[in-house]
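S.K.: Model the placement of chains X and L on the given structure of chain P, informed by the hints.
Protein chains in written order, with my numbering: chain P, 205 to 256; chain X, 117 to 454; chain L, 119 to 376.
Treat each hint with caution, since some may be false.
[Claimed, not checked] Which chain P residues stay away from chain L? Per the calculated CB distances, all over 10 Å, these:
(1) D211
(2) H217
(3) Y218
(4) G222
(5) F223
[Unchecked claim] Some, not all, of what chain P presents toward chain X, calculated at C-beta under 10 Å:
(6) L212
(7) Q225
(8) N230
Please keep in mind that the hints were generated in silico from the structure rather than gathered at the bench. Remember, it's a predicted structure, so these values are computed and weren't measured experimentally. A virtual CB, placed ideally from N, CA and C, is assigned to each residue, including glycine.
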Amino acid sequence: MLAALVDLSHTGHYLHWGFIQLSVANAIVILLMVIVFVVAIAVPFRPGKGHR
Amino acid sequence: MSAAGVRTLSEASRQPDDSPWDGPKIRYDLVKEFTIALVVIALLAVVLAAVFSSPDDRPVTIRQWAHADPGDFLATAVTELDGSSDTAGYGPPYNAWAPGEGQKIFPLAIQRWVGVHIPVNTTDDFVLSPLRLAAASDPRLHAAVTRYTTATPAQQASWTTAYTDAVAHVSFQGSTPVLRPGRYGPVASMMTGLLGMARTGGLDAVLLASPQFYGTDYSKPLLFIADGGYMAAKAGAQHLSGDQWGMMNETGNFPGQAWLWLYTMWYQVKPFSTSANADSLVWALMMLLTLGLLLLPFIPGLRSIPRVVPVYRLIWRDHYRRLAAEQQSLAAGAPRAP
Amino acid sequence: MSENGTSTPADAADAVFDDVRPAPGDERMWSARLRGAAVRALPPGKLMPDDQPSYVASWVYVFGVLTLAAFVVILVSGAVLILRGPSWWHVSSTGLFFNSIHLWSVELFFFFMVLHLWGKFFMAAWRGNRALTWMTGVLSFAMSIGAAFTGYLSQQNFDSQWISTQAKDGLNSVGVGAFFNVLNFGQMLLWHVLLLPVAVAAIVGLHLLMVRHRGVVRPLPARQGRPGRHRVTDRGAETAAGPTPAVPTPVGADGGDR
Numbered sequence: 205m206l207a208a209l210v211d212l213s214h215t216g217h218y219l220h221w222g223f224i225q226l227s228v229a230n231a232i233v234i235l236l237m238v239i240v241f242v243v244a245i246a247v248p249f250r251p252g253k254g255h256r
Numbered sequence: 117m118s119a120a121g122v123r124t125l126s127e128a129s130r131q132p133d134d135s136p137w138d139g140p141k142i143r144y145d146l147v148k149e150f151t152i153a154l155v156v157i158a159l160l161a162v163v164l165a166a167v168f169s170s171p172d173d174r175p176v177t178i179r180q181w182a183h184a185d186p187g188d189f190l191a192t193a194v195t196e197l198d199g200s201s202d203t204a205g206y207g208p209p210y211n212a213w214a215p216g217e218g219q220k221i222f223p224l225a226i227q228r229w230v231g232v233h234i235p236v237n238t239t240d241d242f243v244l245s246p247l248r249l250a251a252a253s254d255p256r257l258h259a260a261v262t263r264y265t266t267a268t269p270a271q272q273a274s275w276t277t278a279y280t281d282a283v284a285h286v287s288f289q290g291s292t293p294v295l296r297p298g299r300y301g302p303v304a305s306m307m308t309g310l311l312g313m314a315r316t317g318g319l320d321a322v323l324l325a326s327p328q329f330y331g332t333d334y335s336k337p338l339l340f341i342a343d344g345g346y347m348a349a350k351a352g353a354q355h356l357s358g359d360q361w362g363m364m365n366e367t368g369n370f371p372g373q374a375w376l377w378l379y380t381m382w383y384q385v386k387p388f389s390t391s392a393n394a395d396s397l398v399w400a401l402m403m404l405l406t407l408g409l410l411l412l413p414f415i416p417g418l419r420s421i422p423r424v425v426p427v428y429r430l431i432w433r434d435h436y437r438r439l440a441a442e443q444q445s446l447a448a449g450a451p452r453a454p
Numbered sequence: 119m120s121e122n123g124t125s126t127p128a129d130a131a132d133a134v135f136d137d138v139r140p141a142p143g144d145e146r147m148w149s150a151r152l153r154g155a156a157v158r159a160l161p162p163g164k165l166m167p168d169d170q171p172s173y174v175a176s177w178v179y180v181f182g183v184l185t186l187a188a189f190v191v192i193l194v195s196g197a198v199l200i201l202r203g204p205s206w207w208h209v210s211s212t213g214l215f216f217n218s219i220h221l222w223s224v225e226l227f228f229f230f231m232v233l234h235l236w237g238k239f240f241m242a243a244w245r246g247n248r249a250l251t252w253m254t255g256v257l258s259f260a261m262s263i264g265a266a267f268t269g270y271l272s273q274q275n276f277d278s279q280w281i282s283t284q285a286k287d288g289l290n291s292v293g294v295g296a297f298f299n300v301l302n303f304g305q306m307l308l309w310h311v312l313l314l315p316v317a318v319a320a321i322v323g324l325h326l327l328m329v330r331h332r333g334v335v336r337p338l339p340a341r342q343g344r345p346g347r348h349r350v351t352d353r354g355a356e357t358a359a360g361p362t363p364a365v366p367t368p369v370g371a372d373g374g375d376r
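For reference, chain P alone in the conformation it holds in the complex (with noise of 0.2 Å):
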């Protein structure tokens, strides 16, 4: 089947604030939890639209 199109295999990166040590993989992920929290909460959601 398909090879990976992005190698993540490799060393990882990781960034560094005081105490905090986080990948950027991780940091990515968390980042788009927030993100699509807040759209999820700033985009208008129209009830009816697609379920007639």
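M.R.: Structure of chains X and L alone, referenced to chain P:
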């Protein structure tokens, strides 16, 4: 109440939180929503899998360890022989408790109370038994093992202590370990014999072997490997160590387990980072915090945070707007009941 | 009921079950009593309704169903991995692909579950006798972490070697490790593919039934009383005009015709 049994938004909103909603409703197709969600998630997972795949770093074997870092292997093997390794001095569940062993949560020594359920005797299991197998075809090794096992404990300790000191500076001629001159007794040739066995993969096989042919328990080889520095060094290189927030991380550049952030955070800070009881203390603390999350509805103060941090005003702004509009239109002069 | 008050088929179905009691003489039958209790708690129209309160109008409400969808993808991809056994994905590119789907659906599962948790927290969704709904949610979270943990242990690669040899210390320190041996692949795999998925599915199922039984929690009052007054109703909505008039006007109608 209207004749059709539907309250107005204002009326319905005044009912208690535990009463069924009898105000305005909207058509909402749950099954269709779930189906759409399923398709979206399935597609997302397939795309992510196709683009990024998943990590699969090959496992460490004792054979690999013996080839890559034989000095570390020897240094570990002698501590398994004389009972000074981490596993040998672990206490329950691997071996009998001795004073100073095991972790406690303040006065509670749960680890000790539970007792030995996964018996591991490092001297026999990791060193002497494998050597006896190898010695079946090696008379000199057999003689060395016999000399060791028939010596007094004091003599054994003097040999292993000397070897431990010397092996820190071991060099290799080809594959043969070379130590500075010293009184190692039979220990030097025993350790060299064990190294040879490890290099063939024989030690992996012996430690994995089960008395009933079939086995799925990797306790022994894993405990042996974990006592050494080789696997720990590989893990550290991948930011997987406990003091590197390792619990959250994955090998390579893959996302790991971000949801474990709070669990691993405690290991980075005092008093946990400097405590011998760190594991049991962090466990106890996390159990407490999880209980707190579970019982949040009953905890005054904490349960009021949503009222104080008004994210709800954004979530339900549509509802509040319609409520206000309804109030305005009523105030503007709808007919009253006689 | 829809907005203009006409009945939906769900209402008609419910009417049949409004008074489910055992037939005369069957009052002591366990089957009849269980059936009656189940149907009274969750008549079909409530179990699978066609409508929701008008305040269910935010994208925040989709995080729960996205979590559930991810759970289904986890189960299906996991089932495929079971078909060819635990070594398959190490030696086959198809196996690796399904392992990847399984891993990424787990990432999506926790991603949306935590967003769902944040949303429900800020909505104080435990109000109105919904404490058990909240608690089954937290239990689902905890059990899911356990299921994911045993999954990482079942990988049979470097990661699982490291995780197991590290995790054993925490578990041993509280006595659990003596019975739950993370170094025992067979034991961990069985917990991962049977016991924990069943436990998670059972708690999630209970959670969903509770949500249907109680309904989606109402909005917090537009203006707050003192914190701690959890039965406060929407006093802020009362106007100078006094009590509600007899002829209300449904607001925000989307048409409402069927």
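S.K.: Please name the hints from earlier in the document that this structure breaks, with their numbers sorted from lowest to highest.
M.R.: none
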